[in-house]
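First to last, the protein sequences are chains A and B. When the letters of the first sequence are read in order and numbered with numbering that gives the first Met the number 0, they come out as residues 0 to 203. When the letters of the second sequence are read in order and numbered with numbering that gives the first Met the number 0, they come out as residues 0 to 62.
Note that these hints are calculated values from the structure, not bench results. All C-beta atoms, glycine included, are put in the ideal place defined by N, C-alpha and C. It is possible that some hints are incorrect.
[What the hints assert, rightly or not] The following label-pair restraints were derived from C-beta to C-beta distances:
1) A:Leu29 with B:Phe47: 40 to 46 Å
2) A:Tyr172 with B:Leu4: 33 to 39 Å
3) B:Leu55 with A:Leu165: 24 to 30 Å
4) A:Trp77 with B:Arg39: 38 to 44 Å
5) A:Arg133 with B:Phe52: 41 to 47 Å
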Amino acid sequence: MAVSKEPSHTGEDQTVELRDPMMAALLAWLVPGLGHYYQGRTAKAILFFVCIMGTFLYGLYLGGSNELGWGRAVYASWHPGGRRLPYLCQIGIGLPAMPALVQAVRASKGEKPWSRFMAPPRPDFTEEVSDSVRGALADQPSLDELNRRLHRFFEFATVYTMVAGLLNVLAIYDAWGGPVSPEKDEDDEEEDGERDEEKAAAKS
Amino acid sequence: MESLLTNDLWFALPLVIAVSLVYAATRHESMRAILRHATRIGTWIVGFMVVVFLVLELGIWYQ
Chain A
0 MAVSKEPSHT
10 GEDQTVELRD
20 PMMAALLAWL
30 VPGLGHYYQG
40 RTAKAILFFV
50 CIMGTFLYGL
60 YLGGSNELGW
70 GRAVYASWHP
80 GGRRLPYLCQ
90 IGIGLPAMPA
100 LVQAVRASKG
110 EKPWSRFMAP
120 PRPDFTEEVS
130 DSVRGALADQ
140 PSLDELNRRL
150 HRFFEFATVY
160 TMVAGLLNVL
170 AIYDAWGGPV
180 SPEKDEDDEE
190 EDGERDEEKA
200 AAKS
Chain B
0 MESLLTNDLW
10 FALPLVIAVS
20 LVYAATRHES
30 MRAILRHATR
40 IGTWIVGFMV
50 VVFLVLELGI
60 WYQ
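Looking at chain A on its own, in the form it has when it is part of the complex (with noise of 0.2 Å):
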């Protein structure tokens, strides 16, 4: 299904065909970039990949050490005393905060988790977990020496990841249903009024 969207106030003439809007919103999610450049918009496939894959990967960096493993900001765990709530707006970006969720579910089935990446926290004795899962995490280091050992930069991952995700939502919508048009501002007028001018002046 191709969708055309009219050209908003901002002057530019152009149609936003929306190609498939549906599939352009999966692949929007699966991979930052993916729906606009599946429908065309090169571009703004570029600047979305680049912008929102650049601030989840350097939020990766911030929460991890080669001793750590990498990525311990994004985990995914829901077991009663151990919900980790920004994991539902890390999941915003997709196929990149999946690991997290492959290595909770290999944990929660008493597997160890494959490696150090993205995998859950030992948990800690406050937390509600069968001894299998309690034994699969046995070797991961547990929340506090992640906060004790990464400092502020823990936290400072969470947040990186977190609105990596979070811009995604903005990115799929994007994918959807074309730009949202903004209202007129000052600069936007000026042009308006440039551009008619030239027009009239065309026309005569």
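Keeping the supplied structure of chain A fixed, place chain B upon it in accordance with the hints.
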């Protein structure tokens, strides 16, 4: 001067740039319009942060 260079507030700068660009890109299609809008939003965010900073500084000064 050294404290300014090593201040944690610098971690906000990449976020301000990324948020401004992505937000502006959801409002326009042409790159020129996106950059213009992003500059405006970025300036607004930094200005807001400066105002909050000044309010906090004044609070400390009057304490």
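These are the hints, each one checked on the structure:
{"no.": "1", "hint": "A:Leu29 with B:Phe47: 40 to 46 Å", "result": "34 Å, violated"}
{"no.": "2", "hint": "A:Tyr172 with B:Leu4: 33 to 39 Å", "result": "38 Å, holds"}
{"no.": "3", "hint": "B:Leu55 with A:Leu165: 24 to 30 Å", "result": "26 Å, holds"}
{"no.": "4", "hint": "A:Trp77 with B:Arg39: 38 to 44 Å", "result": "41 Å, holds"}
{"no.": "5", "hint": "A:Arg133 with B:Phe52: 41 to 47 Å", "result": "45 Å, holds"}
When held up to the earlier numbered hints, the structure conflicts with hint 1 and nothing else.
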